[in-house]
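Chains as they are written, first to last, in this note's numbering: chain A, 93 to 550; chain B, 4 to 459.
One should not assume that every hint holds.
Said to hold, decoys possible - Listed next, the in silico DSSO-like pairs over lysine-lysine satisfying Cα-Cα at most 30 Å (straight line):
no.: 1; chain 1: B; residue 1: 286; chain 2: A; residue 2: 452
no.: 2; chain 1: A; residue 1: 297; chain 2: B; residue 2: 286
no.: 3; chain 1: A; residue 1: 527; chain 2: B; residue 2: 206
no.: 4; chain 1: A; residue 1: 114; chain 2: A; residue 2: 184
no.: 5; chain 1: B; residue 1: 327; chain 2: B; residue 2: 206
no.: 6; chain 1: A; residue 1: 184; chain 2: B; residue 2: 206
What the hints assert, rightly or not - Chain B side only, calculated, beta carbon under 7 Å to chain A, not exhaustive:
no.: 7; residue: 136
no.: 8; residue: 239
no.: 9; residue: 241
no.: 10; residue: 244
no.: 11; residue: 446
no.: 12; residue: 448
no.: 13; residue: 451
no.: 14; residue: 453
no.: 15; residue: 454
no.: 16; residue: 456
no.: 17; residue: 457
These are computed hints drawn from the structure, not numbers from a lab. Idealized CB from N, CA, C, for every residue including glycine.
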Amino acid sequence: MQERVTRTHEEINSELLSFNLKAPMWYWGLVGFMGTLALGAAISFGIMLNRGMGVTGMNRPVMWGLFLTDFIFWIGISHAGVMLSAILRLSKAEWRRPATRAAEVLTVFSLMVAALHPVVHAGRPWRVIYWVFPYDFARGLWVNVRSPLVWDPAAIFTYLTGSTLFVIVALIPDIAVLRDRTRGVRHKIYRALALGWRGTPRQWKLQIVAGFLLSALLLPVFVSVHSIVSWDFAVNIGVEGWHATIFAPYFVIGAVHSGVSAVVTMMIVLRGMFKWDKYIRPEHLDSLGRLLIVIATAWLFFFFIEFTFALFSLESQEIALRDLQVFTWPFWPLFLAFIVLGYIFPVSMWLSRRVRRSIKWMLITSLAVNVGMWLERFLIIIPGLARKQPLTFDWGTYHPSIFEITIVVGAFGFVFFLLLMFAKVFPLIPLFDIKEGQTLADNIQVGRRSVPALRIEE
Amino acid sequence: MERRNGHPPEFTVAEYVKDLANRHAITGPRYRRWLWITGLLFLSGVVGFVARAAIDGFDERQPWGYFAATMAFLLTTFVSAPVVAVAFRMAGAHWRRPMVRIAELYSVVGVLVVVMFIPMLFMVPSAHNRRTMWFQGDTLGSMGKIFGAPHVYDILALVAVVIAGLAMLWFSAKADRTQIRSRAGESVGTWLGSWKQWNVLWKGLVMLGGLYFMMLIMTQALISIDFSMALVPGWRDAIFPAQQALASLHGGLAITILTLYLLRRYGHMEQYIHMEHFWAASKILLALSLLWFYFWWSGFIVFWYGRTPLEQNLLDLLMFKTYKWYFYLAFGLSFLAPLLTLLWNSVRRSTFGPTLASVFILTGLLFDKMRVYVAAFSIPNADITDHALAVLPATNIPDVFDLMMVVGGISGAVFLFLLAARVVPIMSIWEMSQGIKLRTVRRFLRIDMIVMGRSE
């Protein structure tokens, strides 16, 4: 059911830019709180640097813990941008319009935070620079380019560069609007960032073409990033539960699932914070909910195949791992929570149109998905490593320390901190996109009914 | 009706219905000729099957590899075509309208596939005491004996898919058959076209479509695992069933585009089938070709990277030694050729370009099925319970009976489609009428733009 709300261009400008021009007091309190969480993570990292990795819970055989779980989680969240912005732009879905910039910006910031996690995890992060920018000053040592761990930074930085360009190109017309509505230092900054935008037909044409090209170019990058991250695990023949050919698409679809859910959460929060109920309407959440049902069911298919084929060979080590994941404390409640929160609860709710159009329930279900998907990554990494060794006396456990927990929580705080800073400086709903949607809207009379319609250019 | 500013000509619902009803009433000489040709080729396929059964029997699996590949090919292409109607109807794609009935009509080929599947049930042993996804055996961590696994469940799944597809066709065609009969002065039955009946029809199509889609994915996974992967010792490839499911989307769309082109060219339906339909479908086809490569690469790199002898032997069997030419053809025709064809916007914006890509894809799929099923069927029964593939079997080159069965199977599918097109109108009257009512051309600023209604 389409609920069109017609606003004039001036109303759109003033409603969507009001926060950029003047922020309320609660905003600074929220920024302070998120900043404090991020600061706590930085302090924990500093202590870790000073005292060594022994302050974490990682120990043989579980050498990858919360940092890697969080790394994959944030890479997953970053898939929201391309899914919602690029794919829905290419398929010309009208309901994408309020969500695209928020999704793109979430992509950029979650990628940045994700890229920090291997640096934190490395213990001696100054050595990581060698991985990303290999140099050889007469030592005769180069990085192992056959390792997926070396492909990771290449993929992540390519995706980060492309996504940042995507955000910037789409922002230019809105920066120009801000330029024309500000004075003093802010005007000078916006004028520089607007890159001479005048809104001429040629500039609009170039902007639209650039948007389409970037959307198309980012698609293979978006698939490759999480596939390469999945191969960190899948090409490894030594760890039970990791050596599966399904990992690449399984990780990608899981990323889309968690990413789109994160965008739903963010849109609902923005709608509440900035009073954007005319722009983020129940019809948008309804469409997102329907998309999520398809994505979640595809994810479940891949999960089912992955689990089935793990048992297919009937090898005792693999069975021991699955027994640990599904039936053994402390993993079995996490497994149960993962399945219920990641699929059963949200999808069964989303089947109801009333729920899909309910702000409260969409917020709850989207948060549930992200808790479930975080647990999924945890359950892939830790139990596999705990059962890695062939001899049972070498099996281990893992107990995350307060430093790891602080850093993980701080990562969430840092992403929200960056989002809030962005929201203060740039509009999170693209003005020109909303205006374009209104311009293309029309009606067709079919019998006695007036059907909402869209003008299409072929 | 004349063209406006390069847009396709407009016509009224009454004009369209009259034209389609007239076309449905008559059969041309070309139609009859092709009915005879495909019928005779199908009969030759039956002869090839009988000859193979008489000479080799059903005790050994090796002589039946090409037969199994043909069955799998028909399942992946013709029987999967209705997914085009399901997916694009659910997505609300306005360009789906000329092709949905073509896609739905291919569900009749399911009857042939079920008939072909029955002898295959005798060629595969039960799942007991060997590595399958049914997990049963005396010493393999039995989960209890599952009666009839895998045969009973595979045939049930296949029959369910076919029934779902036929039900969708019957449901979708109900309103159209009533239109045709009323124009011919015959009794119209119970269809009155009331608001409630239309509501039930739409909801029924949505539910049947969802059921069909899920059953198709499950059936593709079950049959491909039980009749190929589980027959090769040590072959554990989690992405394989997903790859087969993707291949069914790929093949279903390709056969629909090919049929659409033939209908436009030889059925003289240019006023209903335009470049925009091929253009829109070609983007999906390109995406599916890229996904084909992605799924293949995901499986290949995990096997290749670890360098374990078991996985290297499997790669040699399926890709680099025993069936390498089938693999090269499948790879080239399913991915490279469609990519190089559809990469260019000018090719996508034509009717021939996507059709050519579809032909590549269908041929590539056929070779891919041969690669998988002939390879799997060439493993002797005594070896399928081994832990790993130790010795590569010799390449099974097709003989004249194999070729007769392959050609006969494909011709049989086309034959059934042609017969079904006499019973059900080949283009959906109600879907096209809906599209006509929801579309118009209006002046906006200085140009004419198409205005498409979105009734959802």
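Here is what the structure says about each hint:
At most 30 Å may separate the alpha-carbon atoms for a hinted pair to count; residue 286 of chain B and residue 452 of chain A exceed this at roughly 37 Å. The hinted pair formed by residue 297 of chain A and residue 286 of chain B meets the criterion: a straight-line CA distance of about 22 Å does not exceed 30 Å. Of the pairs offered as hints, the one joining residue 527 of chain A and residue 206 of chain B is violated, with about 34 Å between alpha carbons and a cut-off of 30 Å exceeded. For a cut-off of 30 Å, the pair hint linking residue 114 of chain A to residue 184 of chain A is broken: about 34 Å separates their Cα positions.
For the proposed pair residue 327 of chain B and residue 206 of chain B, the alpha carbon gap of about 47 Å is over 30 Å, so the pair is violated. The hinted pair formed by residue 184 of chain A and residue 206 of chain B meets the criterion: a straight-line CA distance of about 25 Å does not exceed 30 Å. Given hint, residue 136 of chain B at the interface with chain A, holds; its Cβ is 6 Å from that chain's nearest Cβ, closer than 7 Å. Here the hint on residue 239 of chain B is kept, as its CB sits about 5 Å from the closest CB of chain A, short of 7 Å.
Hint status for residue 241 of chain B relative to chain A: holds, with the closest Cβ pair at about 4 Å, below 7 Å. Given the 7 Å rule on beta carbons, the hint for residue 244 of chain B holds: about 6 Å separates it from the nearest Cβ of chain A. Using the Cβ-Cβ criterion of 7 Å, the hint placing residue 446 of chain B at the interface with chain A is not satisfied: the shortest such distance is roughly 11 Å. Contact between residue 448 of chain B and chain A, as hinted, is not supported at the beta carbon level, the nearest pair being about 10 Å apart and thus beyond 7 Å.
At a threshold of 7 Å, the smallest CB-CB gap from residue 451 of chain B to chain A is about 10 Å, leaving the interface hint violated. For the restraint placing residue 453 of chain B at the interface with chain A, the shortest Cβ-Cβ distance is roughly 5 Å, inside the 7 Å limit, so the hint holds. Look at residue 454 of chain B: its Cβ gets to within about 5 Å of chain A, closer than 7 Å, so that hint holds up. For the restraint placing residue 456 of chain B at the interface with chain A, the shortest Cβ-Cβ distance is roughly 4 Å, inside the 7 Å limit, so the hint holds.
Annotation: residue 457 of chain B was flagged as interfacial toward chain A, and the flag holds, the nearest CB pair being 6 Å apart, inside 7 Å.
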